[in-house]
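A.B. asks: Protein sequences appear in the order of chains B and U.
Quick note: the first sequence uses the numbering used here, first residue 1, plus one each step.
Quick note: the second sequence uses the numbering used here, first residue 1, plus one each step.
Hints listed in this document are in silico derivations from the structure and should not be mistaken for laboratory results.
Ideal placement from N, C-alpha and C gives every residue a C-beta, glycine not left out.
Treat the hints loosely; a few may be bogus.
Only some residues are given here: those of chain B computed to face chain U with a beta carbon under 10 Å [as the list claims (entries may be wrong)]:
id, residue
1, Gly-79
2, Gly-80
3, Glu-83
4, Arg-84
5, Lys-155
6, Trp-157
7, Thr-244
8, Ala-247
9, Gly-302
10, Met-305
11, Arg-312
12, Val-348
In the SDA-like style, the derived pairs of lysine to any residue whose C-alpha atoms are separated by at most 25 Å in a straight line are [claimed, not checked]:
id, chain 1, residue 1, chain 2, residue 2
13, U, Lys-236, B, Pro-349
14, U, Lys-210, U, Pro-192
15, U, Lys-210, B, Ala-247
16, U, Lys-236, B, Leu-277
17, U, Lys-236, B, Phe-345
18, U, Lys-236, B, Pro-160
19, U, Lys-236, B, Glu-42
20, B, Lys-263, U, Val-25
21, B, Lys-263, U, Gly-235
22, U, Lys-236, B, Asn-271
23, B, Lys-263, U, Arg-237
24, B, Lys-263, U, Gly-34
25, U, Lys-124, U, Gly-84
26, U, Lys-236, B, Cys-341
27, U, Lys-210, U, Asp-293
28, U, Lys-120, U, Arg-228
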Amino acid sequence: MATSTLAAGRRVEGLAPELNAWRDQALAFEAEVGRAVVGQPEVVRLMTIALFARGHVLLEGDVGVGKTTILRAVARALGGPFERIEGTVDLMPTDMLYTAYVDDDGKPRVEPGPVLHHGEDLAVFFFNEINRARPQVHSLLLRLMAERSVTAFGKEWFFPHLVVFADRNRVEKEETFELPAAARDRFLMEIAVDTPADPEVRRQLVFDPRFHDVDRLIESLREGVLDHKGLGDAGRAIQQSIATAPALESYVLGLWDAVRAPKTAGIEIPNVDMDRLLQGGASPRGVGALVRAARVRAWLEGRDMVLPEDVRAVFNPVMAHRIFLDPIYEVRRDRIVPELCRQVFERVPAP
Amino acid sequence: MRRAALAFALALAMAAPAAAQVRDVRTSGPKPFGVLLGDVFTLRTSFVADAPYTLDPASLPKTGALTYAIDLRRLDVTESAAPGGGVRYEITAEYQTFYSALETRTETVPQMSLSVVDGKGGRKEFKAGGWAYITSPLRPLITTSGETQYDLRPDAVPPRISLRPAQTAALWSAGAALLALLLLAWSRAWPPFHTRPSRPFTRAARVVAKRAPTGEAGWREALIDLHRAFDATAGKRLLGDDLGAFLAQRPAFARHEAGIRAFFDASRRVFFGGAAPAATGLSADALTRLARDLAGAERAS
């Protein structure tokens with residue numbers, strides 16, 4: 001993601017003072033997370049966008065690149081009640097809602113589980129290794145993400161401030177369960193985390209003892225830089241204040257058309273039959289999410305209008321996991337989908 | 001009586017110069033016989049005109065057909081000073097005779113009617129340059145049998161003109177034409193040069209110059225035309241944030257960086273910020289100039 005030349009912290013004319021204050025908070029939040037997460041400014045920026053767009057995030061990457069550290073750092077800087085759960089093959093939906101144990105008197109007891117532990121105030125629910133959990137668990141998670149509610153102990157629980165962070169590594173395929181399309185569509189973004197390329201950052205990560213003890217590293221971060229309860233209102237204000245011009249709307253619709261009918265748009269990928277490449281995807285919800293994320297990005301960049309650059313910056317994280325390929329191409333997804341997205345932006349004219 | 005004698009003397013005195021206005025008229029020519037059909041001969045006529053008289057050039061005969069059979073081919077007049085203050089004229093006239101004589105006979109070159117003038121209205125005409133010569137047939141009238149040497153000879157065989165220089169020139173011209181065609185094909189990106197990098201800015205500069213001054217809609221279209229030229233040059237859709245990389249890759253355009261950035265800024269504000277074209281500060285003139293500069297940079301790169 002290319003950062004704009006606009007200076008951070010600049011007042012954005014035409015925006016309400018609250019939004020400018022929120023923007024200062026957002027930049028402070030990024031700076032705070034950046035103290036623990038080095039060499040990943042794009043990931044941190046995308047996480048910030050997701051928070052203000054009120055969307056859930058799935059991090060994907062190799063083992064040991066810092067996915068969990070990133071999510072913990074974000075949760076810490078965001079503040080508010082935080083809960084995590086590890087995905088395992090024997091995890092059942094009830095394990096998320098209830099904790100069953102035998103008490104001192106030898107009687108079985110059932111207490112609220114990880115999701116309900118903090119009541120309806122829960123701010124961040126962190127699902128580690130989500131692809132190790134069974135589809136039953138995914139389906140509960142689907143409801144939690146889509147409706148921000150669950151049914152337990154005979155009543156409905158609502159989590160108005162909840163964001164779900166999940167991660168999965170892309171190395172292992174054994175004893176894992178691919179997320180259903182519906183569940184993937186509920187994630188606003190699927191962010192790929194790679195090993196930092198900058199030699200200086202690598203040296204720091206390997207030799208600086210600060211990065212060896214993750215618990216202390218996370219504890220060193222200031223807690224609650226953002227007011228997590230206000231994020232919903234701020235997100236709504238951003239969506240209403242940041243303008244999308246007719247030219248941008250046509251541009252986004254052009255991108256959408258190109259993704260849905262790549263052959264008509266003149267997109268060619270070597271060794272791929274463009275007629276049968278796509279099985280579906282790029283749903284209206286997905287494109288809506290794209291515009292939401294682009295608005296937040298424009299606001300973070302200090303503008304009151306969305307530019308094609310904003311759309312491009314959030315396109316892959318928001319759209320790539322919503323494009324469903326024919327099974328024979330699914331194996332090569334890692335190469336095909338980025339190439340498809342790249343060519344979409346090479347073909348669709350702006351303005 | 002005395003009066004009559006005086007008048008006579010006066011008349012004599014006045015007549016004497018008049019009589020002496022043209023004198024010493026002579027004509028000389030070649031031998032006056034043996035002149036045959038087609039022969040050229042020259043007559044020289046000389047005379048002295050006393051001062052203040054001079055030869056009137058208008059009285060000289062014109063070259064061309066003089067009589068039925070004689071042409072005057074050339075006429076030269078030379079002047080020289082004559083003793084006694086006059087001018088000596090020598091007229092060299094070249095004649096050709098076309099008289100086909102059937103028998104030996106005398107032909108005459110007519111005399112020229114010449115005039116001398118004194119510049120004050122005085123004029124004196126005289127005749128000179130007549131000549132007679134004897135001409136005869138080229139051969140006996142009745143051909144002697146068996147004598148073929150006087151028959152018409154066959155036409156001369158036309159000379160064979162060498163075509164080599166013309167062929168060489170044609171070859172060179174064909175080569176030059178082919179080269180020019182290749183150059184034209186290259187400049188127009190016709191096959192086989194259609195794969196060479198085209199010149200999108202050159203094309204855009206023409207369109208922008210036409211459209212930009214035609215009002216708001218034209219200005220917007222010109223902006224889009226220039227965008228497409230940037231896209232074609234970059235090989236992809238170029239957005240404002242990509243400018244740094246674009247300019248680093250194509251240093252020829254870096255000289256116009258300020259103008260390019262102003263263009264992208266104006267485009268953003270108009271297309272995505274809803275600003276009026278006038279509010280962007282990018283006038284039609286500036287846009288046309290930028291397009292022209294970029295086309296120049298493109299040619300230089």
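A.B. asks: Now look at each hint and say whether the structure bears it out.
C.D. replies: Now for the hints, and whether the structure bears them out:
Interface restraint check for Gly-79 (chain B): the shortest CB-CB distance to chain U comes to about 32 Å, outside 10 Å, so the restraint is violated. A distance limit of 10 Å between C-beta atoms decides the matter here; for Gly-80 (chain B) the minimum to chain U is near 34 Å, and the interface restraint is violated. With 10 Å as the threshold, the beta carbon of Glu-83 (chain B) stays out of range of chain U, its nearest partner Cβ sitting at about 38 Å, so the hint is violated. Taking 10 Å as the C-beta cut-off, the interface hint given for Arg-84 (chain B) is violated, the closest approach to chain U being about 36 Å.
Nearest Cβ of chain U to the Cβ of Lys-155 (chain B): about 47 Å, over the 10 Å cut. The hint is violated. The criterion of a C-beta within 10 Å of any C-beta in chain U is not met by Trp-157 (chain B), whose closest approach is roughly 42 Å, and the hint is violated. Because the smallest distance between the Cβ of Thr-244 (chain B) and any Cβ of chain U comes to about 8 Å, under 10 Å, the interface hint for this residue holds. At a threshold of 10 Å, the smallest CB-CB gap from Ala-247 (chain B) to chain U is about 4 Å, leaving the interface hint in force.
Proximity of Gly-302 (chain B) to chain U is violated relative to the hint, the smallest CB-CB distance being about 13 Å (cut-off 10 Å). Residue-level restraint check for Met-305 (chain B) holds (minimum Cβ-Cβ distance to chain U is 4 Å; threshold 10 Å). With a least beta-carbon distance of about 7 Å to chain U, the hint placing Arg-312 (chain B) at the interface is held under the 10 Å criterion. For Val-348 (chain B), the suggested interface contact is upheld, since its CB lies about 7 Å from the closest CB of chain U, less than 10 Å.
Simply put, Lys-236 (chain U) and Pro-349 (chain B) have alpha-carbon atoms about 9 Å apart, close enough for the 25 Å limit, and the pair holds. For the given pair, Lys-210 (chain U) sits about 30 Å from Pro-192 (chain U) by alpha-carbon distance, which is inconsistent with the 25 Å threshold. The hinted pair formed by Lys-210 (chain U) and Ala-247 (chain B) meets the criterion: a straight-line CA distance of about 23 Å does not exceed 25 Å. A C-alpha spacing of about 23 Å is found between Lys-236 (chain U) and Leu-277 (chain B), which places the hinted pair at or below 25 Å, so the restraint holds.
For a cut-off of 25 Å, the pair hint linking Lys-236 (chain U) to Phe-345 (chain B) stands: about 8 Å separates their Cα positions. Simply put, Lys-236 (chain U) and Pro-160 (chain B) have alpha-carbon atoms about 43 Å apart, too far for the 25 Å limit, and the pair is violated. Taken as a hint, the Lys-236 (chain U) and Glu-42 (chain B) pair is honoured in the structure, with Cα atoms around 23 Å apart against an allowance of 25 Å. A threshold of 25 Å between alpha carbons decides the hint, and for Lys-263 (chain B) with Val-25 (chain U) the separation of about 110 Å lies outside it, so the pair is violated.
At most 25 Å may separate the alpha-carbon atoms for a hinted pair to count; Lys-263 (chain B) and Gly-235 (chain U) meet this at roughly 19 Å. Only pairs whose Cα atoms come within 25 Å are accepted, and Lys-236 (chain U) paired with Asn-271 (chain B) is accepted, the gap being roughly 22 Å. Our distance criterion of 25 Å between C-alpha atoms is met by Lys-263 (chain B) and Arg-237 (chain U), whose separation comes to about 18 Å. Taking the CA atoms of Lys-263 (chain B) and Gly-34 (chain U), the gap is about 105 Å. The hint is violated against a cut of 25 Å.
Under the criterion of a C-alpha separation no larger than 25 Å, the hint pairing Lys-124 (chain U) with Gly-84 (chain U) is consistent with the structure, at around 19 Å. At most 25 Å may separate the alpha-carbon atoms for a hinted pair to count; Lys-236 (chain U) and Cys-341 (chain B) meet this at roughly 13 Å. Only pairs whose Cα atoms come within 25 Å are accepted, and Lys-210 (chain U) paired with Asp-293 (chain U) is accepted, the gap being roughly 16 Å. At roughly 89 Å between alpha-carbon atoms, Lys-120 (chain U) and Arg-228 (chain U) are farther apart than 25 Å, so this suggested pair is violated.
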